[in-house]
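Asker: Construct the complete structure from the given sequences, taking the supplied hints into account.
2 protein chains.
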Amino acid sequence: MTDIYENLNLRFEHTALKPETTTKDIEKLCQEALLWQFYGVVVNPVWVKECQTILRNTKIKIISVCGFPLGANRTDIKTMEAVKAVNDGANEIDIVANIGWLVADEFTKAEKEITEIRKSLPYNIILKVIIEANKLNKEQQINATRSVINGGAQFVKTGTGFFGGVTIEQVKTLYHAARGQIEIKAAGGIKEPKQARELIEAGASRLGCSSSIQIMEQLKIENNDKRP
Amino acid sequence: MTDIYENLNLRFEHTALKPETTTKDIEKLCQEALLWQFYGVVVNPVWVKECQTILRNTKIKIISVCGFPLGANRTDIKTMEAVKAVNDGANEIDIVANIGWLVADEFTKAEKEITEIRKSLPYNIILKVIIEANKLNKEQQINATRSVINGGAQFVKTGTGFFGGVTIEQVKTLYHAARGQIEIKAAGGIKEPKQARELIEAGASRLGCSSSIQIMEQLKIENNDKRP
Numbered sequence: 005m006t007d008i009y010e011n012l013n014l015r016f017e018h019t020a021l022k023p024e025t026t027t028k029d030i031e032k033l034c035q036e037a038l039l040w041q042f043y044g045v046v047v048n049p050v051w052v053k054e055c056q057t058i059l060r061n062t063k064i065k066i067i068s069v070c071g072f073p074l075g076a077n078r079t080d081i082k083t084m085e086a087v088k089a090v091n092d093g094a095n096e097i098d099i100v101a102n103i104g105w106l107v108a109d110e111f112t113k114a115e116k117e118i119t120e121i122r123k124s125l126p127y128n129i130i131l132k133v134i135i136e137a138n139k140l141n142k143e144q145q146i147n148a149t150r151s152v153i154n155g156g157a158q159f160v161k162t163g164t165g166f167f168g169g170v171t172i173e174q175v176k177t178l179y180h181a182a183r184g185q186i187e188i189k190a191a192g193g194i195k196e197p198k199q200a201r202e203l204i205e206a207g208a209s210r211l212g213c214s215s216s217i218q219i220m221e222q223l224k225i226e227n228n229d230k231r232p
Numbered sequence: 005m006t007d008i009y010e011n012l013n014l015r016f017e018h019t020a021l022k023p024e025t026t027t028k029d030i031e032k033l034c035q036e037a038l039l040w041q042f043y044g045v046v047v048n049p050v051w052v053k054e055c056q057t058i059l060r061n062t063k064i065k066i067i068s069v070c071g072f073p074l075g076a077n078r079t080d081i082k083t084m085e086a087v088k089a090v091n092d093g094a095n096e097i098d099i100v101a102n103i104g105w106l107v108a109d110e111f112t113k114a115e116k117e118i119t120e121i122r123k124s125l126p127y128n129i130i131l132k133v134i135i136e137a138n139k140l141n142k143e144q145q146i147n148a149t150r151s152v153i154n155g156g157a158q159f160v161k162t163g164t165g166f167f168g169g170v171t172i173e174q175v176k177t178l179y180h181a182a183r184g185q186i187e188i189k190a191a192g193g194i195k196e197p198k199q200a201r202e203l204i205e206a207g208a209s210r211l212g213c214s215s216s217i218q219i220m221e222q223l224k225i226e227n228n229d230k231r232p
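Protein chains in written order, with our numbering: chain A, 5 to 232; chain B, 5 to 232.
Don't read these hints as lab results, they were simulated from the structure. We treat Cβ as the ideally placed atom computed from N, Cα and C, and that holds for glycine. Any given hint could turn out to be false.
[Unchecked claim] Taking CB as the label site, the calculated pair distances span: (1) A:T112 x B:E110: 39 to 45 Å; (2) B:E205 x A:K53: 43 to 49 Å; (3) A:E205 x B:G169: 38 to 44 Å; (4) A:S209 x B:G184: 54 to 60 Å; (5) A:E143 x B:Q35: 25 to 31 Å; (6) A:E173 x B:I146: 18 to 24 Å; (7) A:K28 x B:E221: 28 to 34 Å; (8) A:I146 x B:I225: 42 to 48 Å.
[What the hints assert, rightly or not] Example chain B residues on the side facing chain A (calculated, C-beta under 10 Å, incomplete): (9) V69; (10) D80; (11) K139; (12) A182.
Answerer: Set out below in structure tokens:
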């Protein structure tokens, strides 16, 4: 089951970030990730331990958001939240940049914050930085991506999903700004196989998605797959 | 200027919580609060120090949200964020409960978390707990309010504003559940003087509001106030 449908499943970070998400929802999320062999699950920090209990000794990665979804926390709190998430079992951290700094072109501050968070995490933990591209003009998206690179993170992520969906244009902009130095995670409003493919073609290596199951079910039909 | 228009200004917590809020926006927020003599300003934690610089030695209170707006953080991180906000100059803390616990009727967990946060804050700091009423049924709203009381907080707050606006019905429900033991803060989508008055009549003693200026300007016209 690991190479079905153009390996699209391996691109998906299966996501549940609503405030009303319950323990049961988290269990379901993890079971679905196992069934479809998604790359990982993305959860709020309070649920990381729950995921770890279910997913340890499996290939599914646990991704915790931090400073989410506003990014307007003190740097030390964002850092501590990330460190604790790793201690609880997170393999990757998706942190929200201070968007107020980005829209005010204060990229040095943003870079310094990312550097500090990166320094506090073990080397084998992947750090993604969310820049909320929907709030930025094209030049700011490019400069923000440079800050993410200079801060030592591994991915730039388009948005939280709370402030509009990702566009192909955004992924292209980030991909070109990244110059192969970091990868791109697209997130927000991904609902169709076609859209998922286009985002990957535009340069995204990962897709953050709450509709992953619905997309996989559509792919199953497209591929005339009769398995239950 | 402190008793204009039925003292409505003294009910307002003048709010700026968007991710793209900048230093300049925060300065403007504080100046507006001074001009209209609002009860206080509500900001994300990274901006508390900025407010403190402008508002120290004035009557305007500084309110920091914490664990905002999802509430799905570890309890120790929420607590540390609140403690740091107070150290930075916050007079009041608006913390988001774990909404996933509330919708799953796990009120004991919610109460324990509130108790822990309350214990970590100085006695003179007002603690408000956001229960996101739009995600709860009426019984859950009542039980959540009881948890807020038992946890030792001073206010129950209807919502974050990120998941729909407050209703008169919600304020009535919370007010009756509170039995005078805690106060009610209404927040989310408050845009008209009439609505503000109705929420107060229903039992809210404070209003969290991003449209405070627009409401005061309308009141100025209603009251035929010619001052600039």
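Asker: All the hints need checking, so say for each whether the structure fits it.
Answerer: Right, here's what the structure says about each hint:
Checked against the hint of 39 to 45 Å, the C-beta distance between A:T112 and B:E110 comes to roughly 44 Å, which is consistent with it. A C-beta distance of roughly 45 Å is found between B:E205 and A:K53, which places it inside the suggested range of 43 to 49 Å. Under the hint 38 to 44 Å, the C-beta atoms of A:E205 and B:G169, about 40 Å apart, fit the expected range. For A:S209 and B:G184, the hinted distance range of 54 to 60 Å is satisfied, since their beta carbons lie about 57 Å from each other.
About 29 Å separates the C-beta atoms of A:E143 and B:Q35, a value consistent with the hinted range of 25 to 31 Å. Checked against the hint of 18 to 24 Å, the pair A:E173 and B:I146 fails, with Cβ atoms roughly 48 Å apart. Between A:K28 and B:E221, the C-beta spacing of about 47 Å breaks the proposed range 28 to 34 Å. The beta-carbon spacing between A:I146 and B:I225, approximately 45 Å, falls within the hinted interval of 42 to 48 Å.
Because the smallest distance between the Cβ of B:V69 and any Cβ of chain A comes to about 9 Å, under 10 Å, the interface hint for this residue holds. At about 7 Å, the closest approach between the beta carbon of B:D80 and any beta carbon in chain A falls short of 10 Å, and the interface hint on this residue holds. Taking 10 Å as the C-beta cut-off, the interface hint given for B:K139 holds, the closest approach to chain A being about 5 Å. Violation of the interface hint for B:A182 is found here, the shortest Cβ-Cβ separation to chain A being roughly 22 Å, above the 10 Å cut-off.
Against the hints set out earlier in the document, violations occur for numbers 6, 7, 12.
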